[in-house]
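Peer 1: Each chain, letter by letter, is given below.
2 protein chains.
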Amino acid sequence: MRKGIVFVISGPSGAGKGTVAKGMLDTLDNIRFSVSATNRAPRPGETDGVSYYFVSNERFDEMIRNDEFLEYVDKYTNKYGTPKSSVEGLIEQGIDVILDVETIGAENIKKAIPESVSIFILPPSLEILKQRLIARGTESKELVEIRFSQACEEINCAYEYDYVVVNDDKEKCLRTVASIIEAERRKGSRNADLPKQVLNNEIVENK
Amino acid sequence: MRKGIVFVISGPSGAGKGTVAKGMLDTLDNIRFSVSATNRAPRPGETDGVSYYFVSNERFDEMIRNDEFLEYVDKYTNKYGTPKSSVEGLIEQGIDVILDVETIGAENIKKAIPESVSIFILPPSLEILKQRLIARGTESKELVEIRFSQACEEINCAYEYDYVVVNDDKEKCLRTVASIIEAERRKGSRNADLPKQVLNNEIVENK
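Chains as they are written, first to last, in our numbering: chain A, 1 to 207; chain B, 1001 to 1207.
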């Protein structure tokens, strides 16, 4: 059985990484969200254990101390982290995992799991990124400015990712990221058993 | 400008590599066939300079001596080769090239162009491969047997390719190979200029 692949979707706030990650779950088979933990309050429509594991600030810090995170970001008031157990449990069952994380988290996951596949969602322009951050309306003006200047630093490192996808059109972007996932599943290095099965008179299929 | 990518489609006779390569030309933009040279006679419907460059046996051997080929196979009566000029001219213009070659040729191209992308088209079973070779009806019974035993050796090396795609359904196989081409075009290493353009206040798109 093929081990699950870890796909890490990242990019600056407002590039659309969350929408892309959710879109993959809606259209592809055999892929799941690794649910992140956060200390922030749920936004309207968010469900505990589905959107995030909503934990107290104290529990979040305890998880850091216990080395329970694959990656975490705790430099803002709102902290986010990916519990190791959430990812490992899935890939051992042959299920692909999709992670939607900030760029610092993406770097940490690549270090921890070098065979993971990193995808940077790039806004088509800085102007459009700023408009999207403002239109979202979930953050204060001050935080929008912080996010925007941080975005420029993050974009500067995009070339380090395995893939870079411009999000100028949501549907096109979703199709492109789905293509990347399908392509990675077909890598020869992940399918060394297929030729052997054919030569062994078995009937095979793409999985 | 991004340099063109060389996609090499290979696999045993009867796996469907020719159909896959032609299918990519029909559905994708900015990709062209590198026209091969052959010493064999045209089959019905084949056009010189489009299907192949049909050359005399003497001219083919001269092209080998002059090192005009990126790869060639001359172990059968029918000889096939990929003229270097045909490939280089396209990738320098930023046009992706698709090559449909036998496995020996694919190995030679990988050595000559390490950044080329190799895709092995795998039949879903040996039984189905044999049926396809017979159904094609273009080769003698003896040649079908030779091709079949050769196919087993070729399949044994499939894991060395960048991608392995099972051709159990033509349309599905075409979509999967198109996904691989789209994914490779989005590789971070091939798009190092995109983040720089965004930070330079340009509007970018996937190309």
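One should not assume that every hint holds.
Quick list of in silico lysine-lysine cross-link-like pairs, PhoX-like style, CA-CA up to 25 Å [to be verified]:
{"id": "1", "chain 1": "A", "residue 1": "Lys187", "chain 2": "B", "residue 2": "Lys1196"}
{"id": "2", "chain 1": "B", "residue 1": "Lys1187", "chain 2": "A", "residue 2": "Lys3"}
{"id": "3", "chain 1": "A", "residue 1": "Lys130", "chain 2": "A", "residue 2": "Lys3"}
{"id": "4", "chain 1": "B", "residue 1": "Lys1022", "chain 2": "A", "residue 2": "Lys130"}
{"id": "5", "chain 1": "B", "residue 1": "Lys1207", "chain 2": "B", "residue 2": "Lys1196"}
{"id": "6", "chain 1": "A", "residue 1": "Lys187", "chain 2": "B", "residue 2": "Lys1003"}
{"id": "7", "chain 1": "B", "residue 1": "Lys1022", "chain 2": "B", "residue 2": "Lys1196"}
None of these hints come from the bench; they were simulated from the model.
Peer 1: Please name the hints from earlier in the document that this structure breaks, with their numbers sorted from lowest to highest.
Peer 2: 1, 3, 4, 7
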